[in-house]
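**Q** Given the coordinates of chain X, work out where chain W should sit on it, guided by the hints.
Read off the chains here:
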Amino acid sequence: MTLPNESLVRLRYRLWPDHVIGELLSKPWMETAIPVLVMILVFWGMAWMVPSLTDTGQLAVIARDLGETGFVVLGLAIVIMAGGVDLSVGSIFALTNLVALLLMHKLEWSAPPAIAVTILSGMALGAVNGVLIGYVRLRAFLTTLITLIIFRAVYSLAIAEYSMDIAMSLPDSTTWDFLGMGLVWGVPVNVWLFAVVALFLHILLTRLRPGWHLIAIGGSRRAAYNAGIAVPFTIMLTYVASGGFTAIAAVFFSSKLASTGSDIGLGLEVTALTAAVLGGISLGGGRGSVTKAVVGLAIVLVVTNGMTASGASGGAIRMALAGILVLAAVFDIRWVKNRHRIIASVYVSPDYLYLPKPPSCEPAPGNVWSVNDKLRAVEVIGLGEVEGPEDVILDRNDNLYSGSRHGDIVRFLAPDYTKWEIFAHIGGQPLGMAFDKDDNLCVCVGGMGLYMVRPDGEVVKLTDETNRSLTSVNDDSRLRLADDLDIAHDGRIYFSEATRRYEMSEYAVDALESRHSGRIICYDPRDGSTKTEIDNLLFPNGISMCDDNQSFLFAQTSAASISRYWFDGPKKGTIEVLLDNLPGYPDNINKASDGNYWVALVGMRGPALDLAMRMPGFRKRMTRRLPFDEWMFPNINNGCVFKIDLTGKVLETLWDPQGVNHPMITSMREHKGWLYLGGLSNNRIGRYRLPEGEGAPDYVHYERRWGKKA
Amino acid sequence: MIAFFKGLSDRFLGRGDAAVTVPVFDGVLRPNRLLDDGVLWARLEAPGDLACDDTGLWASDGNRVLRIDPAQQGTTEELVLDGTITALARFKGGFAVALDGNRVEVHGGALDGHSWKAADKRAFVAINSLTADGDTLLATDASAHNAPANWQRDLLERRSSGRVLRLGVDGVQMLASGLSHAFGAVPVGDAVWVSESWRHRVVSVLGAGHVQPVLNRLPGYPSRLAPADGGGIWLSVFACRTQLVEFVLREKGYREAMMASMPPNLWVAPQLVPPQSFLEPLQGGAIKQMGVLKPWAPPRSYGLVLRLNEAGKVLYSLHSRVDGTHHGITAIHDHGGALWVVSHGAGGVLRLDPSEIARRAGE
Numbered sequence: 001m002t003l004p005n006e007s008l009v010r011l012r013y014r015l016w017p018d019h020v021i022g023e024l025l026s027k028p029w030m031e032t033a034i035p036v037l038v039m040i041l042v043f044w045g046m047a048w049m050v051p052s053l054t055d056t057g058q059l060a061v062i063a064r065d066l067g068e069t070g071f072v073v074l075g076l077a078i079v080i081m082a083g084g085v086d087l088s089v090g091s092i093f094a095l096t097n098l099v100a101l102l103l104m105h106k107l108e109w110s111a112p113p114a115i116a117v118t119i120l121s122g123m124a125l126g127a128v129n130g131v132l133i134g135y136v137r138l139r140a141f142l143t144t145l146i147t148l149i150i151f152r153a154v155y156s157l158a159i160a161e162y163s164m165d166i167a168m169s170l171p172d173s174t175t176w177d178f179l180g181m182g183l184v185w186g187v188p189v190n191v192w193l194f195a196v197v198a199l200f201l202h203i204l205l206t207r208l209r210p211g212w213h214l215i216a217i218g219g220s221r222r223a224a225y226n227a228g229i230a231v232p233f234t235i236m237l238t239y240v241a242s243g244g245f246t247a248i249a250a251v252f253f254s255s256k257l258a259s260t261g262s263d264i265g266l267g268l269e270v271t272a273l274t275a276a277v278l279g280g281i282s283l284g285g286g287r288g289s290v291t292k293a294v295v296g297l298a299i300v301l302v303v304t305n306g307m308t309a310s311g312a313s314g315g316a317i318r319m320a321l322a323g324i325l326v327l328a329a330v331f332d333i334r335w336v337k338n339r340h341r342i343i344a345s346v347y348v349s350p351d352y353l354y355l356p357k358p359p360s361c362e363p364a365p366g367n368v369w370s371v372n373d374k375l376r377a378v379e380v381i382g383l384g385e386v387e388g389p390e391d392v393i394l395d396r397n398d399n400l401y402s403g404s405r406h407g408d409i410v411r412f413l414a415p416d417y418t419k420w421e422i423f424a425h426i427g428g429q430p431l432g433m434a435f436d437k438d439d440n441l442c443v444c445v446g447g448m449g450l451y452m453v454r455p456d457g458e459v460v461k462l463t464d465e466t467n468r469s470l471t472s473v474n475d476d477s478r479l480r481l482a483d484d485l486d487i488a489h490d491g492r493i494y495f496s497e498a499t500r501r502y503e504m505s506e507y508a509v510d511a512l513e514s515r516h517s518g519r520i521i522c523y524d525p526r527d528g529s530t531k532t533e534i535d536n537l538l539f540p541n542g543i544s545m546c547d548d549n550q551s552f553l554f555a556q557t558s559a560a561s562i563s564r565y566w567f568d569g570p571k572k573g574t575i576e577v578l579l580d581n582l583p584g585y586p587d588n589i590n591k592a593s594d595g596n597y598w599v600a601l602v603g604m605r606g607p608a609l610d611l612a613m614r615m616p617g618f619r620k621r622m623t624r625r626l627p628f629d630e631w632m633f634p635n636i637n638n639g640c641v642f643k644i645d646l647t648g649k650v651l652e653t654l655w656d657p658q659g660v661n662h663p664m665i666t667s668m669r670e671h672k673g674w675l676y677l678g679g680l681s682n683n684r685i686g687r688y689r690l691p692e693g694e695g696a697p698d699y700v701h702y703e704r705r706w707g708k709k710a
Numbered sequence: 001m002i003a004f005f006k007g008l009s010d011r012f013l014g015r016g017d018a019a020v021t022v023p024v025f026d027g028v029l030r031p032n033r034l035l036d037d038g039v040l041w042a043r044l045e046a047p048g049d050l051a052c053d054d055t056g057l058w059a060s061d062g063n064r065v066l067r068i069d070p071a072q073q074g075t076t077e078e079l080v081l082d083g084t085i086t087a088l089a090r091f092k093g094g095f096a097v098a099l100d101g102n103r104v105e106v107h108g109g110a111l112d113g114h115s116w117k118a119a120d121k122r123a124f125v126a127i128n129s130l131t132a133d134g135d136t137l138l139a140t141d142a143s144a145h146n147a148p149a150n151w152q153r154d155l156l157e158r159r160s161s162g163r164v165l166r167l168g169v170d171g172v173q174m175l176a177s178g179l180s181h182a183f184g185a186v187p188v189g190d191a192v193w194v195s196e197s198w199r200h201r202v203v204s205v206l207g208a209g210h211v212q213p214v215l216n217r218l219p220g221y222p223s224r225l226a227p228a229d230g231g232g233i234w235l236s237v238f239a240c241r242t243q244l245v246e247f248v249l250r251e252k253g254y255r256e257a258m259m260a261s262m263p264p265n266l267w268v269a270p271q272l273v274p275p276q277s278f279l280e281p282l283q284g285g286a287i288k289q290m291g292v293l294k295p296w297a298p299p300r301s302y303g304l305v306l307r308l309n310e311a312g313k314v315l316y317s318l319h320s321r322v323d324g325t326h327h328g329i330t331a332i333h334d335h336g337g338a339l340w341v342v343s344h345g346a347g348g349v350l351r352l353d354p355s356e357i358a359r360r361a362g363e
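Residue numbers (the numbering used here), protein chains in the order written: chain X, 1 to 710; chain W, 1 to 363.
Keep in mind that the hints are not guaranteed to be accurate.
Rough simulated footprint, nothing fancy, chain X against chain W, three-plus residues with beta-carbon under 8 Å [as the list claims (entries may be wrong)]:
(1) 230-244
(2) 259-270
(3) 280-291
Read the hints as simulated data drawn from the structure, not as lab findings. Predicted model only: the values in this text are computed from it and were never measured. All C-beta atoms in this analysis are idealised placements derived from N, C-alpha and C, irrespective of residue type, glycine included.
Pulled out of the complex, with its shape left as it was, chain X reads as follows (with noise of 0.2 Å):
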């Protein structure tokens, strides 16, 4: 049967790349993006009210504007980032900016010593601020306001004091008139000023300790100071470094026009935080940047100038950002909440997947899938003791392995295996394992990568990224989630990474994704390289060598098919479907004592499942509208164990229909007549006795692979 419109829906799920929009909105750079965005639009649009402003003349203006109101931004979103707030910017700007002309004007110093004192002087006043708020522990909000009005009224006090004489006299210095008016380049002198410290600043931010330290400040204020992050003494530079910069803005203000105003630096604090809210940095602490904040500024900016050149009054441009901070306040609350939640709904894009009618597991005669009850009698090993192990090996000692949830490769002693012990701590759940012919336990370790386990227990790793593909958003280097290996006879291994999208706890959003997006992965110990070998799979698990040492069988465990893929010999690159159209999701394979191959069915398809996978739209407002315990899923409850001669031919199945002593293979191992078995989310490792003439009962997998060792 066909759905209505399911061409069109499969073609459209083959051009349009779904995936793309989450993985680029889930880079760290797309919250820059947004605000340039809004750049953009915005001075596109105020260019086209006001034809003016892209005059040279004009944005010459903007840019003096910004290299001085930038100074200002710069500290405010440093005090931001680190969890507080300085409303005392505007006040310090105009006590800085008296100080500077007194020196100049009144006593006549140079202007080199007059400038370090200006700043020294700023950053005095924003260490008030500091010390009471870093050490005294005082409210930000509320000390900067109170010393916004302290210093405001100093300056009152001041002015009326010394305006007559800073006006009487002139400064004689061609220093001072070039910070004021210069031009280098046919740049102002202070945009160059402020591009140098915005790249130093971007710098100290992203790369140095101090700047990590003051994110995390910001982050957590407790965590910082659990992690031993000197808090008060950051939280007070954050203040210093606020009222330095903001004297730095004065300096060339006070250079520019020898202003003694009653209303300089009045409603500073707002334009500059705007300018920081706007450009993403946000209010609760912990998250901006150098770009962010200049990116702000710039809208701020183009607002303001271009409103001044179409004849705004200043009480209207002060409502226009009054109206703006509001705005953008509220998107950043929204977006820090839900952001996590938005990139999730994107994230997940299921793809068009149509896997044919399976064949029926009802029993009848000539069936060989028929359902039977072989499994029901399997022996249990370290039943409650073992957590999750997902493959099962042993070694040429009858000694058994298998990986553990809790990270551990955990060793069963022979002969009865009563007795264990942890092998080896890798720290992450080991998958698919292989024995080298050194006998050492080659490991995938699900979120690390490629390990391996010495005879002595030592812990190494082999690799855990491999080349980037070129059409990738995300990068697809790291190793997220290597599943089973095996090993050629020149020791190359190669091992299957079932998905690059999802992490090993998520494994079963990247089978409802059922997206092309796992790959086989050559792992050469010659020259230590990594590459990878099969791009594009559909959740690649099973590996096994074939006897031609030329070959390998693979498993995709999403498309319920077995492939033969050649690396050497005259076949060399190409892929054969072995076997698909399963009646389950195929997942380790393993070689049988008679030349044949086991295969795990890790879980059977329904066809509820089964007619999902063929509407994509369905399942992505299924991820939406419903918390990931509810979705549907692939049926891991249930599934068999079979096995497959290199024709594709099935041969037999064990089953154990309703999973009671086994509810869960992952794997599969024969050994000396008994069939080893593994399941990922089993607390037990099963054991199955092969019948009489059909496991050779002298069987061990390492010898017949390496050879026999003395």
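**A** What follows is chain W alone, placed relative to chain X:
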């Protein structure tokens, strides 16, 4: 117009009618294992309805009526009919039975041989409960579109074509129509309480067409009701709502393709029995972890019985959770000091001790 835009915004935001949330088991609905303690008293091949009076207790099993001995386990055959019994009641010394959902017959007693086939010029389609009320019978006709066996289709097609009827010797009176799967009726004072499964509520019908909800926002689909010893009403709830089913109810394309391409036991729809085949859909929470199926997993089937007082307030509840098997409770009766329930999951009639239940539920 406003309703249209409200509908659009609801669909976009997943609110109102488009919400897939379901009420939680909280307060008096807090889960317990009281139903799991029930003893399987009589095994039935095709569990049906229960009937009782002072002289005995009977259950229907396919086309047979079986007498249940309250003193010892097992059944004796009482009556064999030529159709599947979809409802059963003791009526004036005999049995009133609904056969294949489309006819009601009386066997034995004062009105032996009497039958009804239609009401209000419309033939019966899905008579799924009968209750004696003096000289008349209360009957619920669940749907005008789907026979009782196709109740899942009735849910997924979002039908509301059920009705409540009063069958008397002198004719048939329609009490209410347009109900979303009427399933069970019981007289309470002057009114008749009716379970309306797909609207998750019990309504009180007073006079013709005067319908008022008594119990709203149930976390499951209610079915037959019965008066309880000591006052109040027993209400059986045959399955629980899940967010997945609620979601699928809002996905027309998927629902239609699903109904067209697979048998009902594989649908994403409530079931009366716990999963029996690996072909059935599985929800994430129902994956066995460390060999254990969590009892709070999303329920594909569930066992739930509620005790209501005369005002329709829930006093306490009896549960069989996801890891239990006494699911799919469709009929319930007090008889001889014991509580009898039909459980599809258990495949028969369970006997419970009401005094023990009242004691433990009251804890």
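**Q** Could you run down the list of hints and mark each one as holding or not?
**A** How the hints compare with the structure:
no.: 1; hint: 230-244; in the structure: holds (count 3)
no.: 2; hint: 259-270; in the structure: holds (count 6)
no.: 3; hint: 280-291; in the structure: holds (count 12)
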